[in-house]
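Kindly produce the complete structure, drawing on both the sequences and the hints.
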Amino acid sequence: MLRLTRGAGRRMVAGIPLLWLLLLFLVPFIIVFRISFSEVRLAIPPYTPLFAWHHGTPQLQLHWSAYSFLFTDPLYVSSYLYSLKVAAVSTLFCLALGYPMAYAIARAEASWRSLLLMLIVLPFWTSFLLRVYAWIGLLKNNGVINNVLLYLGVIHHPLALLQTDFAVYIGIVYSYLPFMILPLYANLEKHDATLLEAAADLGARPWRAFLAITLPQSFAGIVAGSLLVFIPAVGEYVIPTLLGRTDQLMIGRVLSDEFFENRDWPVASAVAILVLLLLVVPIMLFQRLERRELEVVK
Amino acid sequence: MRSRGLFTRSMLVLGLVFLYVPILSMVVFSFNNSRLVTVWDAAHSPTLKWYVALLGNQQILSAAWLSIRIALVSASAAVVLGTLAGMALARYGAFRGRLLLAGMTAAPIVMPEVITGLSLLLLFVATEQLIGWPKGVGAVTITLAHITFCMAYVTVVVQSRLAGFDESLEEAAMDLGARPARVFVRITLPLILPAIASGWLLAFTLSWDDLVITQFVAGPGSSTLPMVIFSKVRFGVTPDVNALATIMVLLVATGIAISTVWMRHRQKLRERDQQLAAAGNL
Numbered sequence: 001m002l003r004l005t006r007g008a009g010r011r012m013v014a015g016i017p018l019l020w021l022l023l024l025f026l027v028p029f030i031i032v033f034r035i036s037f038s039e040v041r042l043a044i045p046p047y048t049p050l051f052a053w054h055h056g057t058p059q060l061q062l063h064w065s066a067y068s069f070l071f072t073d074p075l076y077v078s079s080y081l082y083s084l085k086v087a088a089v090s091t092l093f094c095l096a097l098g099y100p101m102a103y104a105i106a107r108a109e110a111s112w113r114s115l116l117l118m119l120i121v122l123p124f125w126t127s128f129l130l131r132v133y134a135w136i137g138l139l140k141n142n143g144v145i146n147n148v149l150l151y152l153g154v155i156h157h158p159l160a161l162l163q164t165d166f167a168v169y170i171g172i173v174y175s176y177l178p179f180m181i182l183p184l185y186a187n188l189e190k191h192d193a194t195l196l197e198a199a200a201d202l203g204a205r206p207w208r209a210f211l212a213i214t215l216p217q218s219f220a221g222i223v224a225g226s227l228l229v230f231i232p233a234v235g236e237y238v239i240p241t242l243l244g245r246t247d248q249l250m251i252g253r254v255l256s257d258e259f260f261e262n263r264d265w266p267v268a269s270a271v272a273i274l275v276l277l278l279l280v281v282p283i284m285l286f287q288r289l290e291r292r293e294l295e296v297v298k
Numbered sequence: 299m300r301s302r303g304l305f306t307r308s309m310l311v312l313g314l315v316f317l318y319v320p321i322l323s324m325v326v327f328s329f330n331n332s333r334l335v336t337v338w339d340a341a342h343s344p345t346l347k348w349y350v351a352l353l354g355n356q357q358i359l360s361a362a363w364l365s366i367r368i369a370l371v372s373a374s375a376a377v378v379l380g381t382l383a384g385m386a387l388a389r390y391g392a393f394r395g396r397l398l399l400a401g402m403t404a405a406p407i408v409m410p411e412v413i414t415g416l417s418l419l420l421l422f423v424a425t426e427q428l429i430g431w432p433k434g435v436g437a438v439t440i441t442l443a444h445i446t447f448c449m450a451y452v453t454v455v456v457q458s459r460l461a462g463f464d465e466s467l468e469e470a471a472m473d474l475g476a477r478p479a480r481v482f483v484r485i486t487l488p489l490i491l492p493a494i495a496s497g498w499l500l501a502f503t504l505s506w507d508d509l510v511i512t513q514f515v516a517g518p519g520s521s522t523l524p525m526v527i528f529s530k531v532r533f534g535v536t537p538d539v540n541a542l543a544t545i546m547v548l549l550v551a552t553g554i555a556i557s558t559v560w561m562r563h564r565q566k567l568r569e570r571d572q573q574l575a576a577a578g579n580l
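Going line by line, the protein sequences match chains A and B. So in this note's numbering, spot 169 of the first sequence is number 169, and the numbers just go up one at a time. Offset between the second sequence (1-based) and this note's numbering: plus 298.
For the record, the hints were derived by calculation from the structure and aren't laboratory data. Even for Gly, the Cβ is constructed at its ideal location relative to N, Cα and C. Keep in mind that a hint or two might mislead.
Covered, in the sense of this in silico footprint (three residues per stretch, anywhere, with C-beta under 8 Å from a C-beta of chain A), are these stretches of chain B [claimed, not checked]:
id : region
1  : 312-325
2  : 420-426
3  : 521-529
4  : 546-557
Structural data, given as structure tokens:
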């Protein structure tokens with residue numbers, strides 16, 4: 001392995017970002033973890049300390065109340081399950097739309113590919129918030145979609161599109177589509193076309209060749225793209241707040257409300273820990289895939 | 299074979315329409331006279347009145363200025379930290395803390411933002427208690443938070459660029475006796491400059507655009523542009539936001555066009571250099 005810098009220089013190159021992330025990424029999670037075992041109190045900060053002094057000796061105070069509260073109140077359990085469902089369904093829709101798109105780009109003429117890729121990525125550079133907001137104008141009762149359908153005579157009364165599960169699916173698919181397409185494209189582009197030709201020569205129908213050759217080979221791309229959509233979608237806050245139902249909140253909104261509206265820091269922290277526990281396996285899977293991808297390039 | 303080509307191509311067209319119709323609708327309705335936003339007032343449109351209203355809106359202008367300053371600082375710091383991390387991960391092989399560094403640079407990319415935001419705020423509250431810093435939350439804490447999640451993206455961009463070209467150039471320079479710092483400035487830096495540039499742009503955009511993390515670590519008097527927009531649109535559509543969106547789309551399109559031309563230009567220069575080198579004229 002090449003030694004770009006020696007000794008002290010080398011330690012600094014790796015050490016500075018490592019230190020930064022330890023302080024501003026890892027330590028904060030430890031604090032969240034610790035506060036999730038506190039109780040609310042009316043003070044600054046609004047939670048009980050970890051140690052209490054009892055006759056001169058420190059005593060560890062661990063409270064399970066935040067967690068037991070989360071598991072006994074059906075509101076939290078249902079928003080957990082609802083978030084998982086929304087994230088899973090949106091990921092499937094994203095895959096169903098993104099896979100053929102990535103496939104078409106990978107098979108397009110070389111001169112078209114970079115233009116098409118740019119068209120996929122371009123919306124990502126414009127404000128995420130404004131793009132979600134645009135869907136309010138399209139989906140609401142006197143919005144563009146309803147007006148067009150009424151004008152065409154397809155419907156006679158406006159459809160309730162906004163503040164539905166459907167609107168959240170649209171919002172998530174719309175916002176995360178590039179994250180699905182890019183890893184899929186990177187994968188599909190590397191495929192060897194001669195395998196498909198050989199399959200065709202041997203008499204395989206296109207869909208059969210696709211199922212037997214392309215689909216299994218693109219498995220890593222499917223997993224990477226799906227994780228990039230699923231993990232952030234579980235904790236999504238903006239999309240369900242602007243487009244989603246008001247009677248069923250997603251867990252990201254619940255966390256935010258607990259913190260800002262109820263000022264219950266321990267419960268908000270416990271929600272964060274439980275979401276993390278849920279996502280730890282997918283996140284580690286994602287990291288492994290990414291590492292492998294980078295090492296393959298090498 | 300032909301039928302599947304047709305299917306995937308139609309899906310591609312459909313998907314692109316899906317991606318661009320909402321943006322186009324914002325652009326179109328930014329010129330609409332009606333307050334109702336989505337009902338086209340043909341008699342009095344197009345009009346520029348929402349643009350005029352926007353430019354007279356002091357709240358939006360000062361929020362935009364704050365967002366720009368935060369994004370400039372965050373992107374620049376994130377590029378430095380992210381480049382260091384990307385170098386270490388791509389070039390140092392196995393070192394102590396490598397797994398930790400790799401994990402901590404990949405995790406913020408997928409981490410739900412509410413969790414990152416909450417954890418950063420709780421950190422700032424804890425350090426204020428312990429060492430009296432920072433004094434409350436505001437532009438400084440927002441910037442620190444933005445640097446942290448932006449550097450993860452820069453790391454990935456720089457690392458994959460470094461992984462894409464081999465180390466023989468750097469090794470050759472070392473063999474010829476160049477010191478590590480010199481090798482970095484003369485060889486590595488020019489090679490990864492496109493990655494650094496796109497990393498900076500990416501970081502700027504992410505910082506400029508972030509709402510959720512910012513809301514946690516912002517204080518009174520430090521409302522960024524996304525925060526102002528969110529509080530406006532949360533309770534319905536407002537026409538001046540359409541005008542704002544149109545301006546942003548225009549700026550982004552111009553920026554992308556310029557950077558594409560610049561990248562092409564660099565690519566051509568490099569190809570010419572390679573040809574010259576191959577011809578033995580260098």
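Going down the list of hints, with the structure as the test:
Note: the region 312-325 of chain B has 11 residues with beta-carbon separation from chain A under 8 Å; the three-residue rule is met and the coverage holds. With 4 residues carrying a beta carbon less than 8 Å from a beta carbon of chain A, the region 420-426 of chain B meets the three-residue requirement, and the given coverage holds. Remark: the region 521-529 of chain B is confirmed as covered by chain A, as 3 of its residues place a Cβ nearer than 8 Å to a Cβ of that chain, reaching the required three. With a threshold of 8 Å between beta carbons, the proposed coverage of the region 546-557 of chain B by chain A holds, since 6 of its residues qualify and at least three are required.
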